[in-house]
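Asker: Sequence:
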Amino acid sequence: MVPRRPCGSSGSGSPVVSFRVIVTRPAHQAAPLVEELERRGYDVVVCPLIALESLGADSVDASDYDWLVVTSANGAEFLAPRLRGRARHVAAIGPATAEALARHGVAVDLVPSVATQEGLLAELSRARADRRSPSVRA
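Residue 68 in numbering that gives the first Met the number 0 sits at position 69 of the sequence shown; the count goes up by one each step and never skips.
Derived by calculation from the structure, the hints in this document are not laboratory data. Any given hint could turn out to be false.
Stated by the list, open to error - Label-pair distances were calculated between CB atoms; the ranges are:
#, residue 1, residue 2, range
1, G118, C46, 41 to 51 angstroms
2, L120, G84, 38 to 48 angstroms
3, L48, R127, 29 to 39 angstroms
4, H103, A26, 16 to 26 angstroms
5, A30, P80, 18 to 28 angstroms
6, G55, R19, 15 to 25 angstroms
7, C46, N73, 10 to 20 angstroms
Glycine is no exception: its CB is placed at the ideal position from the N, C-alpha and C atoms.
I would like the entire structure built from these sequences, with the hints used as guidance.
Answerer: In structure tokens:
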């Protein structure tokens, strides 16, 4: 459920609460967090700061690449329907991204133990130095 009060609303006239929270996730992804925060007694306002849209429908042929690096679950959702061919290896920045790819039948070879760009870079560098295919960690 998306809260009744939109971004920028002062909430005046509402009962006094201990904590007000603003959630900036895209509107279509905010509900689970908003519902849990409200369940815990927070006064929540949804104020999406970004909207997600595809930049086109052209296919993405990954077959000539050693690595396909996917850095967000949202990116995975937009990429998967357009993906043609398979890169030699696929890396996902974290478990949620790996799960999004798996839902679309894309096998992931590398999920860094630290789900940040630094963690991904470190493990890609190790995989390159080792000249071997890393294993999936989720």
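Asker: Can the suggested window of 18 to 28 angstroms be confirmed for the beta-carbon pair A30 and P80?
Answerer: 23 angstroms, holds
Asker: Taking the CB of L48 and the CB of R127, does the distance hold inside 29 to 39 angstroms?
Answerer: 35 angstroms, holds
Asker: Just to be sure I understand the hint, the distance between the Cβ atoms of L120 and G84 should be within 38 to 48 angstroms; is that true here?
Answerer: Check failed, 24 angstroms falls outside 38 to 48 angstroms.
Asker: 15 to 25 angstroms was suggested as the range; check whether the CB atoms of G55 and R19 agree with it.
Answerer: For G55 and R19 the Cβ distance comes to about 39 angstroms; the hint is violated.
Asker: Mind checking the hinted window 16 to 26 angstroms against the Cβ distance between H103 and A26?
Answerer: 23 angstroms, holds
Asker: Looking only at beta-carbon atoms, does the pair C46, N73 fall within the given range of 10 to 20 angstroms?
Answerer: 18 angstroms, holds
Asker: Per the hint of 41 to 51 angstroms, is the separation of the Cβ atoms of G118 and C46 within bounds?
Answerer: 29 angstroms, violated
Checked against the numbered hints listed earlier, the structure breaks hints 1, 2, 6; every other hint is satisfied.
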